[in-house]
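Colleague: Residue-level listing of the chains:
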Amino acid sequence: MNALHGVNALYEAIDPNNTPVSGGAFLIFTIVKMLIIFTVYMVGVAMLTLAERKISAWIQDRHGPNRVGKGWLQPAADGLKNFMKEETMPAGVNKPLFVLAPILSFIPALTGWCVIPFGAPVATRWGRVDLVLADLPVGFLFILALTSLGVYGIVLAGWSSNNKYALLGGLRSSAQMVSYEISMGMSTIPVLLLAGNVSLNSIINQQAWGGWNVINLTVAFFIFMVAAFAETNRLPFDLPEAESELIAGYHTEYSAMKFSLFFIAEYASMVTASALMATLFFGGWDVPFTAHDNIGPYSGWLSLLSVFIFLGKILFFLFVFMWIRWTLPRFRYDQLMSLGWKFMLPLALIYIVLIAAVLLGLSAAGSRFQQGAWQAAILGSVNVIFVIVLFAILDRGRIISPAYGRMHPKEVERLRRLDRRKRVAVEAVR
Amino acid sequence: MAIGVKIVERPIEDVSYVRAMFRGMALTVKHLFDVNGRVTTQYPEEKSPISPRWRGTHRMLTTETGKARCVACGLCPTVCPANCIKLVPGEDEEGNRYPLVFEIDEFRCIFCGYCQEVCPEEAIHVGRHYENSEYSREGFVYDLQRLMDQTHPVCEMWDPEDPKGQ
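Protein chains in written order, with numbering that gives the first Met the number 0: chain A, 0 to 429; chain B, 0 to 165.
Pulled out of the complex, with its shape left as it was, chain A reads as follows (with noise of 0.2 Å):
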């Protein structure tokens, strides 16, 4: 990628427009960015439950919310309810924790998208906008930081009730977003690797070049989109609130906006890791098969694409989200566990461990096939061949342990030796 870096400079050097915008231009551009992304991401929010219950009607045969404006105005109903509702304080919570509770598990999740990049940069005649909010050197860390902080809200909810059910669900949470933030940060580290940077634009500009990792590094992105349900408490991972179990979870004490917080606090860290997936695995904003998005000259209307494209893959994942919420059981807490620690992290290290062998025998077999369509064969052939065994291996089944134990073929023998005994013994009465 010095390659890459060399021609950035190089067209900076000759184009004027593509030195990035700064002092006054630059803080300007700062507000208006955060304006729009604030704006887009709250309705965007807004319209998610709409599409979550317009999508789980249809795949229940029925036809969801029509009534509000033909249901395109079911969110402003709910929202209007959500403010008009009575603020409810039992008599037995911790005041200061259940007040501040929502706003924790609001804001972690609104704030990781201040470093995602949402597409190619603008050139104006000010100089050059990243159409990021903070091109922070170190954003996926930041990132992997923020969302580690969620789960505070939800602890904190779930012990400020004075709930038992509030409580095991506060608890729950935060033992599954621990488990599975750790196999989270590993799968990411392939991507790490093939990038050598953690800021989100390398990585999508590696990708640009080198494929798209979902190609390369398939194992990754499956850890990946797993963790990533966990860390949103989505299906089959909603074990924090299991209504069935737990009748609303950490946000059971909760009313009117309090609880609404929460609920946008999901679909907000949902719209997170849609764009974390589409970034980190599904080239991000990258328009395929044109260079002048990523290296200029830039043009605005390529901008916009990009921006339509990113826009896109995220829909794209949300809708899976919403698929596989609507289509697959909750796991058991043990299964849960097991699926965190016995399977994902080992899978994921010994992925690490594969990548970075097969990277390193690259280097070591010399600069031909360290980028390219050599890298990229060589990455795809053993992603290929890791896929198949890790398929064949899940595809046995009783991966993740069930409440049962194998049984010694002897004292299967043993029993039914005893059960014709029995049998006869009752024959013989008769």
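For the record, the hints were derived by calculation from the structure and aren't laboratory data. You can take every hint at face value.
Derived list of chain A stretches under chain B, where covered just means 3 residues or more per stretch with a C-beta under 8 Å from a C-beta of chain B:
(1) 49 to 62
(2) 319 to 332
Derived lysine to aspartate or glutamate pairs resembling EDC-like cross-links, with alpha carbons at most 16 Å apart:
(3) A/K53 - A/D77
(4) B/K66 - B/D91
(5) B/K85 - B/E137
(6) B/K29 - A/D60
(7) A/K69 - B/E44
(8) B/K5 - A/D418
(9) B/K5 - A/E412
(10) B/K66 - B/E90
(11) A/K32 - A/D129
(12) B/K66 - B/E121
(13) A/K53 - B/D33
(14) B/K85 - B/D104
(15) B/K5 - A/E410
(16) B/K66 - B/E120
(17) A/K163 - A/E244
Derived, one-sided and incomplete: chain B residues facing chain A with beta-carbon distance under 7 Å:
(18) S15
(19) V17
(20) G23
(21) M24
(22) T27
(23) H30
(24) L31
(25) G36
(26) R37
(27) V38
(28) T39
For every residue, glycine included, the Cβ atom is placed at its ideal position computed from N, Cα and C.
Please build the complex by placing chain B on the supplied structure of chain A, with the hints as guidance.
Modeller: Same frame as chain A, but now just chain B:
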């Protein structure tokens, strides 16, 4: 090995949850796009058909001259198991009996249809109608005029000759 439960050896296509998951996803997405398969009845606009023997809101049939057919014989208040019919009989100059007061409390009524069955003049009927909401309890006590004003079709009683209603 905590609990010794026997494991049945099943073929791999039965135990594989990877394949089961994909099958499930295919099923749900099939229903997702099955536009003609939606089963919800959009209630106030469209209504499910009800049986011809549906016993709902009462209705008093009238003669050609627009009077109630009721002759105040007192059979329906007698037979009514819920005791919801209030009948005060009256008599005109020609000696014809007619109901001075005829009230049915729809709240007490259990819609058994005995009143229709017992009526010798085929005057009181239970009807094929079920939307009778009111803002007050008093509104559910239907007087004679209100019973006569009902226009919905009346219930067809069960016929021993034709038990399935064909």
